Amino acid sequence: MQVNLNINNQNKTIEIEPGEILLDTLRNSGLHGPKRACSTGDCGACTVIINGEAVNSCLIFTASVDGAKILTVEGLGTVSNPHPLQKAFVEEGAVQCGYCIPGMLMSAKVLLDKNNNPSEEEIKTALGGHLCRCTGYVKQIKAVMKAALQLKGGR
Amino acid sequence: MRGIKEFLAPTNIEQVLEMLEKYQEKAVILAGGTHLALVKSSSAEIMIDIKKANLNYIKEDDNNIIIGACTRPVDIINNDMLKTFADGILVNAASKMGSKLTQNLITIGGNIASPFPWSSLPPALLVLEAKVSILSKQKNKIVPLQDLLKANPKNFINKNELITSIIIPKSSKNLKTSYITLSLTENDYDLVIVAVALLLESGICKKAKIALGSAISPCNTIDHIEPLLIEKKLSKEIINNVAKESITGLNLISDFRTTDEHRFEVIKTLVKRALENCM
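These protein sequences, in sequence, are chains A and B. Those letters in the first sequence? Residues 1 to 155, per the working numbering, in order. Those letters in the second sequence? Residues 1 to 279, per the working numbering, in order.
FYI, nobody ran anything at the bench for these hints, they're computed from the structure. Incorrect hints may appear among the rest.
Stated by the list, open to error - The calculated lysine-lysine pairs, modelled on DSS-like cross-linking and capped at a C-alpha distance of 27 Å, are: (1) K51/B - K12/A; (2) K12/A - K52/B; (3) K152/A - K114/A.
Stated by the list, open to error - Label pairs and their in silico Cβ distance ranges: (4) T78/A - K141/B: 48 to 58 Å; (5) E237/B - L149/A: 28 to 38 Å; (6) Q10/A - N158/B: 49 to 59 Å; (7) C134/A - S41/B: 51 to 61 Å; (8) F116/B - Q10/A: 31 to 41 Å; (9) L149/A - H224/B: 50 to 60 Å; (10) E226/B - N4/A: 54 to 64 Å; (11) E121/A - P169/B: 48 to 58 Å; (12) D255/B - D24/A: 51 to 61 Å; (13) Q10/A - N54/B: 44 to 54 Å; (14) T40/A - S136/B: 29 to 39 Å; (15) G153/A - S41/B: 45 to 55 Å; (16) E25/B - N51/A: 25 to 35 Å; (17) L149/A - M279/B: 23 to 33 Å.
Note that the structure is predicted; figures quoted are calculated from it, not measured. Glycine included, each C-beta is placed from N, C-alpha and C at the ideal position.
With the hints as extra help, turn the sequences into a complete structure.
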């Protein structure tokens, strides 16, 4: 079957299996930002933004989001023009192996889109569904705070 | 999911019921998908996605609050009426459910149709004496949630039937409630869930419901403690006694997360704290 998706601001018609999972569809389309780790919705590495909400793409059937607007980390910023969140994560040293980071960035983006002055507690809640086995979470929380400040002052 | 040959996305309940009637055991219902996405292969050939069938709503009539089967934890958390209804017990339960990510996916109907021991909403719904509306093309059944869980929804709900809404009596509005959980980390599966709802008149307990989740399967109320509270004024002594008696006769889950001995102790403590919260 075919689905129409707007992925990173590009309209695409994609051939899928009826029981296909969105994470597989995205990765088979060459978008390797969303990562496969637990496959059970526990780790957050596969997080993408669908119609403004951060969700685990490993728990979503692609056919169920036909017509949706999807943002992956590839659509967040570029190497030459990174999103303030990406810049802040690098500057704060919040990235070690990097496997969890694309997912964390997407949850952090949804948080900052709704709340440009989040408290530490609110950041912890927003990133609560993401597991990082390298750095812990302190630098990532700092990075989100830093990005919030930068976004308030204009990108 | 291997085996699925066709994906259908009906846009109203009538279409869903029509499809269920037609396809019966050949069809599998997709709501939030957090359970179904874990199933690797299925004997069903047709997936019926009910998320576009107008089942995401929270409304009220004269006697009840009615929550559509596809309503998600995030919708409950953001609902102003539920923030104050029975001390916001449903909002508390929804907030403790999984992570922010899964709160955007899980549905209240799915939490009942495919309940796990750690499902967050059933204990809160049980103490509010919720009922479940189950529809087929032929009839509309309204079943107490407790009866449905005891019977096992997978056996109780026929292949041509669909949970369409959860009905909560408005008489539960002024109940004093508390919802407490214990888990190893905030987003981990709960080891024990305790939900309490009391009707207090001038400090005297007129009605009492305590439900347990994650500790017994299926999640259920512990009815033997009710007589220990009725017509009593909540005091330290009464609460200590109820907490001690709350574990009597329970057959607790013992698994890799923790032992039944640990759960016994945790239940006593959480029941005590929950009752103290209601004082």
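Verification of the hints:
1. K51/B - K12/A: 22 Å, holds
2. K12/A - K52/B: Answer holds: K12/A to K52/B is near 21 Å, not above 27 Å.
3. K152/A - K114/A: 12 Å, holds
4. T78/A - K141/B: 48 to 58 Å: 56 Å, holds
5. E237/B - L149/A: 28 to 38 Å: 54 Å, violated
6. Q10/A - N158/B: 49 to 59 Å: 44 Å, violated
7. C134/A - S41/B: 51 to 61 Å: 34 Å, violated
8. F116/B - Q10/A: 31 to 41 Å: 38 Å, holds
9. L149/A - H224/B: 50 to 60 Å: At roughly 56 Å between Cβ atoms, H224/B and L149/A fall inside 50 to 60 Å, so the hint holds.
10. E226/B - N4/A: 54 to 64 Å: 55 Å, holds
11. E121/A - P169/B: 48 to 58 Å: 35 Å, violated
12. D255/B - D24/A: 51 to 61 Å: Taking Cβ atoms as reference, D255/B and D24/A lie about 31 Å apart, which means the hint is violated.
13. Q10/A - N54/B: 44 to 54 Å: Violated - the Cβ-Cβ distance for Q10/A and N54/B, about 30 Å, lies outside 44 to 54 Å.
14. T40/A - S136/B: 29 to 39 Å: Holds - the Cβ-Cβ distance for T40/A and S136/B, about 32 Å, lies within 29 to 39 Å.
15. G153/A - S41/B: 45 to 55 Å: Holds - the Cβ-Cβ distance for G153/A and S41/B, about 52 Å, lies within 45 to 55 Å.
16. E25/B - N51/A: 25 to 35 Å: The hint (25 to 35 Å, Cβ to Cβ) holds, given that E25/B and N51/A are roughly 33 Å apart.
17. L149/A - M279/B: 23 to 33 Å: 44 Å, violated
Going through the hint list in order, the structure does not satisfy hints 5, 6, 7, 11, 12, 13 and 17.
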